Amino acid sequence: EVLVCGSYSGRIGDWRPHMPYAVNFNASPLPEARGPYPAFRAILEDRRSWGVACHKIEPRFDSGDILATESFPLSGAECYDSLDLRTQMAFGRLARRVADDFVQLWDQAQAQQGGSYWKLTSDAERTLDFAATVERVMRQVRAFGPTESIAQVNGRTIYVRRAVGWTEPHAHAPGTVVHVDGRRSVVAALDGYVGLIEWSPIPLVAIDAVGRSIPSAAHENHL
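Residues 992 to 1214 in the numbering used here are what the sequence shown lists, from first letter to last.
None of these hints come from the bench; they were simulated from the model.
Keep in mind it's a predicted model, so treat the numbers as computed, not measured.
Heads up, some of the hints might be wrong.
[Stated by the list, open to error] Once the Cα atoms are required to be at most 20 Å apart in a straight line, the calculated DMTMM-like pairs of lysine to aspartate or glutamate come out as:
#1 K1047 to E1023
#2 K1047 to D1005
#3 K1047 to D1091
#4 K1110 to E1159
#5 K1110 to D1037
#6 K1047 to D1092
#7 K1110 to D1005
#8 K1047 to E1126
#9 K1110 to E1036
#10 K1047 to D1098
Between the sequences and the hints, there should be enough to build the whole structure, so can you do that?
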């Protein structure tokens, strides 16, 4: 009777000859942030609110009339995992609202007006810039978390899953490795240091065209 989708990357054809209803649960506050996995950019841009939406499925991705939305505030310390879990919980609240009054919400769905489309974040946006402030570097690390940031250290490309950072006056050139403790390394940033805690010389995950993380085999090494 109802086609219900969430986190589905394929394009759905004309469902109307087969069933009366088809909806998608979208991980963004539509009509803002249409596109593949916008949560990365929500943290990179220091957004202070976020949300999820349930909309009718149309041939063009994320464009259908909106049945209902669920919003929540974000903090300045938001990270990949916290936003992902909060989004899942918001989906639960939204799904209960939609299920309780589905037909009326369907009949009263509102067309999307304006809004924006966010492209999948690029490798350049995932790459840590040690010439920037510690706050900026750590925001990138928090945004991508287990899907990995990219860093250039000692002339090598590495993939960072976890890091710590602190501000401290120093005379080191940004990007210089100033301390090593086993697999942990401290790299100078513009106004302090970034400690690389978990990293790999090859990616542990790959990000596909719609923002999904795909595990890959990898091993760890030393800088």
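Hints, one by one, checked against the model:
1. K1047 to E1023: 16 Å, holds
2. K1047 to D1005: The hint holds at about 12 Å.
3. K1047 to D1091: Distance of about 17 Å is within 20 Å: holds.
4. K1110 to E1159: 35 Å, violated
5. K1110 to D1037: 17 Å, holds
6. K1047 to D1092: 15 Å, holds
7. K1110 to D1005: Answer violated: K1110 to D1005 is near 25 Å, above 20 Å.
8. K1047 to E1126: Status violated; Cα separation ~39 Å.
9. K1110 to E1036: Holds, at about 14 Å.
10. K1047 to D1098: 11 Å, holds
Hint check: violations occur at hints 4, 7 and 8; the rest are consistent with the structure.
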